[in-house]
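Going down the list, the protein sequences come from chains A and B.
Every letter in the first sequence is one number past the one before it in the working numbering, and letter 200, counting from 1, is 200.
Every letter in the second sequence is one number past the one before it in the working numbering, and letter 306, counting from 1, is 306.
Think of the hints as simulated: they come from the structure by calculation, not from any bench.
These figures come from a predicted structure and were not determined experimentally.
Where hints are given, some of them may not hold.
Stated by the list, open to error - Taking CB as the label site, the calculated pair distances span:
hint, chain 1, residue 1, chain 2, residue 2, range
1, A, ALA263, B, ARG322, 56 to 66 angstroms
2, B, ALA345, A, GLU179, 26 to 36 angstroms
3, B, GLU39, A, LEU274, 16 to 26 angstroms
4, B, ALA186, A, GLU125, 50 to 60 angstroms
What the hints assert, rightly or not - Result set (DSS-like, lysine-lysine): computed pairs, CA atoms no more than 30 angstroms apart in a straight line:
hint, chain 1, residue 1, chain 2, residue 2
5, A, LYS49, A, LYS97
6, A, LYS161, B, LYS349
7, B, LYS340, B, LYS310
8, B, LYS310, B, LYS349
9, A, LYS161, B, LYS340
10, A, LYS161, B, LYS329
11, B, LYS167, B, LYS349
12, B, LYS340, B, LYS374
13, B, LYS329, B, LYS374
C-beta atoms are modelled at their ideal positions from N, C-alpha and C, and glycine is treated no differently.
So the chains spell out like this:
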Amino acid sequence: MSTPHFDYLDRLEAEAIHILREVAGQFERPALLFSGGKDSIVLTRLAEKAFRPGRFPFPLVHVDTGHNFPEVLQFRDSLAAELGEKLIVRSVEDTIKRQRLREPGGKFPSRNPLQTYTLLETIEEFQFDACIGGARRDEEKARAKERIFSVRDEFGQWDPKRQRPELWNVYNGRIQRGENVRVFPISNWTELDVWRYIQRENIALPSIYFGHPRTCVVLPSGQLLGLNEHLRLDETDEIVERQVRFRTVGDSTCTAAVESDAATIDDIIEDLLLAKVSERGATRLDDNISEAGMEDRKRNGYF
Amino acid sequence: MDLLRFITCGSVDDGKSTLIGRLLYDSDSVSLDVLAALENRPTVHGTVDLALLTDGLRAEREQGITIDVAYKYFTTPRRKFIITDAPGHVQYTRNMVTGASTADLAIVLVDARQGVVEQTRRHSLIASLVGIRHFVLAVNKMDLVNNDQAVFDQIVADYAAVADQLKLPHVTAIPLSALLGDNIVAHSKNLSWYTGPSLLEHLESVPAFEEATIADARFQVQYVIRPQTDDYPDYRGYAGRIQSGTYRRGDRVHILPSGQESVIEAIEVNQQEVESAAAPQAVVLRLTDDVDISRGDSIVPVGSQIHVAKELEATICWMDERPLWPGRKLLVQHHSAVVKAVVSAITYKVNVRTYGRAATESAQLNDIVGIRLKTAAPLVVDSYQQNRATGAFILVDELSGDTLAAGMVETMQNSFVPEPLGFTI
Ligand SMILES: Nc1nc2c(ncn2[C@@H]2O[C@H](COP(=O)(O)OP(=O)(O)OP(=O)(O)O)[C@@H](O)[C@H]2O)c(=O)[nH]1
Ligand SMILES: [Mg+2]
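Put together the whole structure using the sequences plus the hints.
Dropping the structure here:
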């Protein structure tokens, strides 16, 4: 027999499955944070590989900002049904009412920062001790620093100066009461790896990832934002009709589209190989605010 | 395409982060928006500070140092790379150990003006302890010594003594300037006397040697799959990752530490049955017998030279601010197995300057010491020399849950190697 050869995608997959099973083995009440975006969809495929023919040892949890793309919500519900797994949805809207929070103002009222409140409420409500997320280290420079098992205090806060050493593939999820762990099984995947995996595994995605005509607002930066009822537009705003797709799906008020005709996953991969701008740079409006934007949000309990 | 994971290490300010920034920049792996953000920052030399590509924390940018490891990714037509940028400060050694533990290759940077210093020796020791086989001695800042070959030759000679003492298997020395990009991706006119490969050429050509695939078969149970549904009323699958070697359907196996014997009925990968599977695949094993198996148990072929031990000698890197004293009770986490243990003795401390061993009473933060461990329940281990997966463990504080040390098994006492039961039914 020849020595078996494993492609780098096989390695990344094996690593992620190993991590998911460690979560199942180490925690009593884990949850998988599921947004309906490509990274969390990949996580569900990995969970199938890790736990079938058994059920997932965790529910899928969605923190709904109320600003989600309708196509994505539909996809979320049908995927959860198809998987036969439990889906828990908690909404930022409710948190705003309950905690009497102030709605974000401005032209593009992103509810991204408010997600953390709902997430922490949900963790508390269900006493989750581990939350699995689809964040990747290639997304952002503060993420590039975070461990795969990231211990958070009672307020969900990340303390980058006090991270546990993480040795080999021995993951230490031992925590004290009130603390929880954020777990990132695809930490070591890049955007391109995710797409190559989606291609290889033939994974279905919400339609907004593919090129489609959409009415957009042109931002001063030149970025395109899909028109929706949450935006507060001025008369001077330029509205255009464009063929676009989304590289990430998040809060629709702060997630820009990119112009693209890509109709298939192969087309998207080709697009990406030529892309000169990062996923976040191309699509996020809210991280551009400050250099340490992501680090600060993580310190405050964000993913 | 294959994958190479490497780490940069060496003393403070030797240019590790700059080197990685340069490697990413010169191989066209930095996005325009990320670059634009860098260019907006005030600079000292009038050039962009490439170290900021990896120094992602505010405190790091403010102080101009690396505090914790950063992971970066890039791909060339030849290979995919995962880079770990380690901090140079002694205070953050445990973060360097974190980075080294998953690396296949270490780039040890030396400032051409300083030569081999204590931190060069410490990081080389740690990299070799955790089993890295490929080393690059990167003599950086050659621009500050007039690109003088004699300086390079002297440092190479000095490092040869280190390599010799540590028995480093493969060392390649490259003169370079991370700041100017000399010999990082392209060869440099400034260093025309050097005829070897550029750093990237070398990284692309190092064999990605798979220790784990040729080692003996090892598997530890992470999770037991028991659907108990109408479709699968009696299904019992042992989910885990093959740590090393190859498993085949029909293999006779021992379940350890209990010592029961069984036969592999099926190996499943993604619910498909396969004839065989090898490290590092994640699989599900099913056995012919209904045996008592839980998370943390090992399933190994009958005849394996693995040890079932309650007493070990190990080398550890101590990572806690509070020192370790003999008699300390703690937890050993050996992958999915967690047992209580006591450190019954600290047998030696390694002097990072001489690599000599001396007696010590306690272990301080970042010390490398030998210990004797007694565990409350048996562990199924190999020596780290034999097997990088089954010989590795961490020490954990029972109350806080903090990771206290990285451990590598040296020898086992009062252990037994499981014998085949002979003719079983
Ligand atoms: N002249 C010259 N300066 C360099 C070179 N490489 C790095 N430097 C400078 O050396 C300083 C330290 O560089 P860093 O890359 O931050 O060093 P480091 O090794 O990552 O430091 P720590 O991570 O804190 O241990 C910076 O001012 C760099 O610009 C080089 O090849 N030539
Ligand atoms: Mg650095």
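List in ascending order the numbers of the hints, as given earlier, that are violated by the structure.
-> Result: hint 5 breaks, nothing else.
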